[in-house]
Amino acid sequence: MTTNLFLLIVLAFPGDPPAIAISSHIDLVEINHYHDYQGRPVFDQLIYYNWDSNARRYNVAAWRLLKDDSQVPIRNPESGAYSATWFDGKSLRTIHADRRMETWTQHDPENRERVYRAKGQRPDFARPSRELP
Numbered sequence: 774m775t776t777n778l779f780l781l782i783v784l785a786f787p788g789d790p791p792a793i794a795i796s797s798h799i800d801l802v803e804i805n806h807y808h809d810y811q812g813r814p815v816f817d818q819l820i821y822y823n824w825d826s827n828a829r830r831y832n833v834a835a836w837r838l839l840k841d842d843s844q845v846p847i848r849n850p851e852s853g854a855y856s857a858t859w860f861d862g863k864s865l866r867t868i869h870a871d872r873r874m875e876t877w878t879q880h881d882p883e884n885r886e887r888v889y890r891a892k893g894q895r896p897d898f899a900r901p902s903r904e905l906p
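In the numbering used here, each number is its position in the sequence shown, counted from 1, plus 773.
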């Protein structure tokens, strides 16, 4: 999150600011463009993975529909890592990723990953301790 954005949030909520800024780290983020079998776009999504050293594979931790360009992780030239900050519901969410890839598929990779880990077994991202009023 940029310093200016953080300052804007703090100034917008005088006193004890609400717990809306959430930061998470992920090993890999996939920007997936899912198309039907005629090649028409169906939806764009972000799939977040963490490395499982026991299984020696990336497992899906969470996913979000790509609704806004602010969700697309941008590379930090100094660290080489990627990050994105956007409003996820009423919370301001920042995701930091070590790696990023972009795919165009005619299947839903997130759905196929449910064979390895059901949606209810995924860690997902932290929820805020409270929401905006």
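Source of the hints: derived by calculation from the structure; they are not laboratory data. In this text, a Cβ means the ideal position worked out from N, Cα and C, and glycines have one as well. Be aware that one or more of the hints could be misleading.
In the EDC-like style, the derived pairs of lysine to aspartate or glutamate whose C-alpha atoms are separated by at most 16 Å in a straight line are [unchecked claim]:
id : residue 1 : residue 2
1  : Lys840    : Asp817
2  : Lys892    : Asp881
3  : Lys840    : Asp861
If you anchor each label on the Cβ, the simulated ranges turn out as follows [claimed, not checked]:
id : residue 1 : residue 2 : range
4  : Lys840    : Thr878    : 15 to 25 Å
5  : Tyr810    : Lys863    : 15 to 25 Å
6  : Glu851    : Gln811    : 36 to 46 Å
Hint check results:
1. Lys840 / Asp817: 8 Å, holds
2. Lys892 / Asp881: OK: Lys892 and Asp881 at ~14 Å, within 16 Å.
3. Lys840 / Asp861: Since the Cα atoms of Lys840 and Asp861 sit roughly 10 Å apart, the hinted pair holds (cutoff 16 Å).
4. Lys840 / Thr878: 15 to 25 Å: 19 Å, holds
5. Tyr810 / Lys863: 15 to 25 Å: Since Tyr810 and Lys863 have Cβ atoms about 37 Å apart, the given range 15 to 25 Å is violated.
6. Glu851 / Gln811: 36 to 46 Å: 43 Å, holds
In the structure shown, a violation is registered for the earlier hint numbered 5 alone.
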